[in-house]
Amino acid sequence: MLSVNELALDIFEELFEYAEEFNAVPHELDNGARIVDCGVSTTGGYRAGRQFTEICMGGLGEVDITMGRIKDVPIPFIEVSTDFPAIACLGAQKAGWTVNVNKYFAMGSGPARALSLKPKHTYEVIEYEDEFDYAVIALESDHLPNAGVMEKIADACNVDVANTCAVVAPTASIVGSVQVAGRCVETAVYKLNELGFDTKKITAGIGHAPIAPVKKDGTKAMGSTNDATIYHGSIMLTMNAPEIKDYLDRIPSNTSRGYGKPFYDIFKEANFDFYQIDTSLFSPAEVVINELSEGAVYHVGAVNPEVTLKSFGFI
Amino acid sequence: MLSVNELALDIFEELFEYAEEFNAVPHELDNGARIVDCGVSTTGGYRAGRQFTEICMGGLGEVDITMGRIKDVPIPFIEVSTDFPAIACLGAQKAGWTVNVNKYFAMGSGPARALSLKPKHTYEVIEYEDEFDYAVIALESDHLPNAGVMEKIADACNVDVANTCAVVAPTASIVGSVQVAGRCVETAVYKLNELGFDTKKITAGIGHAPIAPVKKDGTKAMGSTNDATIYHGSIMLTMNAPEIKDYLDRIPSNTSRGYGKPFYDIFKEANFDFYQIDTSLFSPAEVVINELSEGAVYHVGAVNPEVTLKSFGFI
Amino acid sequence: MLSVNELALDIFEELFEYAEEFNAVPHELDNGARIVDCGVSTTGGYRAGRQFTEICMGGLGEVDITMGRIKDVPIPFIEVSTDFPAIACLGAQKAGWTVNVNKYFAMGSGPARALSLKPKHTYEVIEYEDEFDYAVIALESDHLPNAGVMEKIADACNVDVANTCAVVAPTASIVGSVQVAGRCVETAVYKLNELGFDTKKITAGIGHAPIAPVKKDGTKAMGSTNDATIYHGSIMLTMNAPEIKDYLDRIPSNTSRGYGKPFYDIFKEANFDFYQIDTSLFSPAEVVINELSEGAVYHVGAVNPEVTLKSFGFI
Numbered sequence: 001m002l003s004v005n006e007l008a009l010d011i012f013e014e015l016f017e018y019a020e021e022f023n024a025v026p027h028e029l030d031n032g033a034r035i036v037d038c039g040v041s042t043t044g045g046y047r048a049g050r051q052f053t054e055i056c057m058g059g060l061g062e063v064d065i066t067m068g069r070i071k072d073v074p075i076p077f078i079e080v081s082t083d084f085p086a087i088a089c090l091g092a093q094k095a096g097w098t099v100n101v102n103k104y105f106a107m108g109s110g111p112a113r114a115l116s117l118k119p120k121h122t123y124e125v126i127e128y129e130d131e132f133d134y135a136v137i138a139l140e141s142d143h144l145p146n147a148g149v150m151e152k153i154a155d156a157c158n159v160d161v162a163n164t165c166a167v168v169a170p171t172a173s174i175v176g177s178v179q180v181a182g183r184c185v186e187t188a189v190y191k192l193n194e195l196g197f198d199t200k201k202i203t204a205g206i207g208h209a210p211i212a213p214v215k216k217d218g219t220k221a222m223g224s225t226n227d228a229t230i231y232h233g234s235i236m237l238t239m240n241a242p243e244i245k246d247y248l249d250r251i252p253s254n255t256s257r258g259y260g261k262p263f264y265d266i267f268k269e270a271n272f273d274f275y276q277i278d279t280s281l282f283s284p285a286e287v288v289i290n291e292l293s294e295g296a297v298y299h300v301g302a303v304n305p306e307v308t309l310k311s312f313g314f315i
Numbered sequence: 001m002l003s004v005n006e007l008a009l010d011i012f013e014e015l016f017e018y019a020e021e022f023n024a025v026p027h028e029l030d031n032g033a034r035i036v037d038c039g040v041s042t043t044g045g046y047r048a049g050r051q052f053t054e055i056c057m058g059g060l061g062e063v064d065i066t067m068g069r070i071k072d073v074p075i076p077f078i079e080v081s082t083d084f085p086a087i088a089c090l091g092a093q094k095a096g097w098t099v100n101v102n103k104y105f106a107m108g109s110g111p112a113r114a115l116s117l118k119p120k121h122t123y124e125v126i127e128y129e130d131e132f133d134y135a136v137i138a139l140e141s142d143h144l145p146n147a148g149v150m151e152k153i154a155d156a157c158n159v160d161v162a163n164t165c166a167v168v169a170p171t172a173s174i175v176g177s178v179q180v181a182g183r184c185v186e187t188a189v190y191k192l193n194e195l196g197f198d199t200k201k202i203t204a205g206i207g208h209a210p211i212a213p214v215k216k217d218g219t220k221a222m223g224s225t226n227d228a229t230i231y232h233g234s235i236m237l238t239m240n241a242p243e244i245k246d247y248l249d250r251i252p253s254n255t256s257r258g259y260g261k262p263f264y265d266i267f268k269e270a271n272f273d274f275y276q277i278d279t280s281l282f283s284p285a286e287v288v289i290n291e292l293s294e295g296a297v298y299h300v301g302a303v304n305p306e307v308t309l310k311s312f313g314f315i
Numbered sequence: 001m002l003s004v005n006e007l008a009l010d011i012f013e014e015l016f017e018y019a020e021e022f023n024a025v026p027h028e029l030d031n032g033a034r035i036v037d038c039g040v041s042t043t044g045g046y047r048a049g050r051q052f053t054e055i056c057m058g059g060l061g062e063v064d065i066t067m068g069r070i071k072d073v074p075i076p077f078i079e080v081s082t083d084f085p086a087i088a089c090l091g092a093q094k095a096g097w098t099v100n101v102n103k104y105f106a107m108g109s110g111p112a113r114a115l116s117l118k119p120k121h122t123y124e125v126i127e128y129e130d131e132f133d134y135a136v137i138a139l140e141s142d143h144l145p146n147a148g149v150m151e152k153i154a155d156a157c158n159v160d161v162a163n164t165c166a167v168v169a170p171t172a173s174i175v176g177s178v179q180v181a182g183r184c185v186e187t188a189v190y191k192l193n194e195l196g197f198d199t200k201k202i203t204a205g206i207g208h209a210p211i212a213p214v215k216k217d218g219t220k221a222m223g224s225t226n227d228a229t230i231y232h233g234s235i236m237l238t239m240n241a242p243e244i245k246d247y248l249d250r251i252p253s254n255t256s257r258g259y260g261k262p263f264y265d266i267f268k269e270a271n272f273d274f275y276q277i278d279t280s281l282f283s284p285a286e287v288v289i290n291e292l293s294e295g296a297v298y299h300v301g302a303v304n305p306e307v308t309l310k311s312f313g314f315i
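Residue numbers (UniProt numbering), protein chains in the order written: chain A, 1 to 315; chain B, 1 to 315; chain C, 1 to 315.
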């Protein structure tokens with residue numbers, strides 16, 4: 001079985017060694033833990049964003065950035081594909097590990113989760129666990145973790161702290177915008193998993209989403225980076241699962257209660273109480289399904305250029 | 001002179017060694033022949049499709065996959081370019097070798113053809129032959145070749161059977177859809193060759209075509225994967241050949257007799273008798289020519305989104 | 001500090017060693033200087049164009065080529081991004097060194113300029129100078145430099161002539177078309193520098209421009225390759241500089257006096273006297289700015305498909 005930490009470690013090592021070329025800053029803590037700052041005290045950039053996203057996907061995703069267009073506005077898009085949708089997206093990329101140690105807070109994602117099994121239920125349904133003596137984690141945070149935080153991560157992953165590797169970037173940074181848009185395929189797989197669909201039956205995923213311009217603060221950035229997928233993510237999934245017909249109308253974002261406004265506005269109306277929000281909103285704008293056993297295709301949802309450009313600040 | 005088998009061998013070796021990351025399965029037969037299954041007993045995927053296509057082109061093509069759109073439907077496209085159109089497309093990628101040994105059948109393509117010279121006439125007109133002690137072949141088939149089949153291939157290529165390498169994928173598979181779309185530039189070069197044009201005068205080719213969703217069976221897949229280029233392949237060729245003016249109106253698919261219906265429908269109407277079909281249909285939807293000696297440009301043909309989406313099953 | 005010559009040397013070495021795969025021709029002169037001909041006595045191609053452009057950007061840019069579309073015409077586009085806009089674009093890619101030795105003439109660009117400091121003012125404003133014992137230069141010329149020309153370059157860069165490396169391509173060649181389109185981001189950074197803006201505040205740049213079909217002669221090629229960016233270059237810059245608001249209306253090409261006709265026509269009307277032309281024309285068609293300190297976005301200018309297709313010869 002492939003090890004997502006082993007594959008991601010190769011990508012991390014390149015980022016660590018040549019950090020300067022990525023506008024990133026490498027740190028080795030006293031306990032041997034290694035961290036690459038991709039946007040906290042540095043500017044990061046598109047290359048670091050690509051590398052960060054590939055690490056999130058445990059080395060089982062291909063990532064590229066090209067210039068696209070939404071109505072008359074040129075916007076870069078991230079192109080993502082994977083031939084291991086359940087493992088790469090749910091087993092690694094999903095932000096399923098809330099790292100909360102003393103005063104440090106980060107949304108944790110990446111292959112280290114497949115060692116710490118956070119959350120355990122995910123690894124049961126996808127029937128995957130990693131075994132490797134290095135743990136590679138991606139942290140969405142405004143701050144770098146200290147030695148104590150890395151020790152907690154090492155403990156949870158059952159590896160030596162000197163074998164822990166973290167990449168870190170705030171939501172409101174170029175790498176933040178890139179890596180959240182890079183979750184466009186994951187969002188489709190995640191939604192199907194939430195609906196009770198067996199995502200092991202998905203054999204390939206490909207998609208793209210616009211890279212949101214960077215906002216001034218984290219909450220606004222959380223809004224626009226999520227809107228990139230909610231209102232303009234286009235995904236294609238290939239699968240062996242004729243039962244997908246029963247899930248189709250619940251996949252795209254436009255079937256959720258809050259649909260139609262930028263996420264920040266919805267969040268504000270809910271007094272910034274996350275638990276008031278209809279989580280079914282976290283889906284791609286549109287999804288194409290290619291079901292192999294019947295040779296069928298389905299297309300649900302649609303991109304929404306107006307709300308996307310409004311969220312991004314262009315209109 | 002460049003050896004297309006030498007260049008393709010490097011790509012094959014990577015695919016063989018890291019097959020699991022490509023959702024592919026490596027096999028070494030008792031006689032030493034090596035095979036990578038990219039879709040017969042496994043699912044393959046986009047990465048295997050890219051590698052398969054680059055092997056087909058003898059390492060002289062660049063291949064990428066990005067999300068595109070046909071009308072309101074998001075569809076992945078393959079992007080192909082080559083600076084050696086005659087050698088890469090006719091000398092390697094063209095499916096010019098029907099491998100028919102006992103009960104085994106496959107459409108053979110790839111650089112091994114430049115050793116076995118199948119068909120010989122092709123290599124005379126492009127004035128290229130390879131010399132190398134390994135043979136790399138791509139097989140479009142629902143089955144893997146056995147030792148006897150590989151020995152026949154070795155004999156035809158005049159190499160040791162232990163030095164034969166094959167990649168295999170059915171038409172009705174993701175790799176099948178990718179690698180047939182990957183022939184979009186080849187189709188333009190092939191058509192010009194069929195028209196009697198000297199393709200050695202073409203200095204560069206670039207193009208893209210949609211990757212057809214996978215159909216349930218091989219005949220339907222043959223239809224939709226060919227329609228990808230016939231109805232939605234866009235190619236640009238650069239050449240030193242003012243005489244191209246005399247060929248322009250015969251290049252694109254829309255000048256052929258059968259044009260206007262999905263290929264499967266045409267095939268069915270001909271009672272699935274291939275020899276009843278106007279072969280001039282096998283062309284890209286549109287071609288741009290940049291003729292260097294006169295600094296001229298020409299644009300012939302047009303994409304046909306309606307028939308493409310109909311063929312793919314969306315309308 | 002990163003060395004643009006060190007990074008570019010790696011790219012040059014690959015191009016030199018595998019020149020045949022790039023349709024390029026390597027030369028080693030008696031004095032040890034190395035030259036790769038990418039279009040003077042050979043055809044070059046897309047791969048050589050990518051490599052040439054990455055050398056121009058001192059290894060600090062990412063370059064890709066994909067098929068795009070202008071109105072109903074398929075046209076390849078170059079995709080360019082950099083996380084070091086001032087250094088990659090002004091410190092290396094800018095054609096700031098007129099190489100004029102005896103009868104040899106070339107527009108010089110690339111990292112060697114960061115050793116010879118041509119022009120010195122540029123390096124003062126971007127606060128960058130390279131230190132490296134190899135000099136890598138890109139020459140836009142119809143002819144290859146001889147030993148004497150390379151010695152002058154070595155002297156200006158203060159390196160041993162055996163450590164000088166040059167890539168050469170005419171404007172009217174595929175590599176010429178690719179590498180000039182590859183300046184689309186540079187043109188935006190250059191324009192801001194000309195307007196007195198501090199380009200060190202730009203943290204990332206991404207953009208694309210169509211690759212002009214190759215014209216018959218250099219002057220016409222100069223026109224169409226520049227029109228690619230002037231009339232159809234779309235750029236996004238990320239920066240920390242709220243003062244950008246004062247520069248916005250002067251950035252895009254459509255605010256210049258000559259705007260609206262193919263460059264060749266403007267040049268001809270000025271009796272081919274370069275000094276009669278409004279240099280503010282040398283800008284991208286449209287620019288999106290993401291200003292980080294205020295979390296703002298701006299979009300100025302627009303692509304002009306009609307003039308672009310007219311310049312390229314399609315209408």
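What the hints contain is simulated information worked out from the structure, not anything from laboratory work. Some clues are possibly wrong.
As the list claims (entries may be wrong) - Some, not all, of what chain C presents toward chain A, calculated at C-beta under 7 Å:
# : residue
1 : Ser3
2 : Val161
3 : Asn290
4 : Leu292
5 : Val297
Every residue gets a Cβ at the ideal spot worked out from N, C-alpha and C, and that includes glycine.
Hint-by-hint comparison with the structure:
| no. | hint | result |
| --- | --- | --- |
| 1 | Ser3 | violated, 10 Å |
| 2 | Val161 | violated, 28 Å |
| 3 | Asn290 | holds, 4 Å |
| 4 | Leu292 | holds, 6 Å |
| 5 | Val297 | holds, 4 Å |
In this structure, the hints that do not hold are numbers 1, 2, in rising order.
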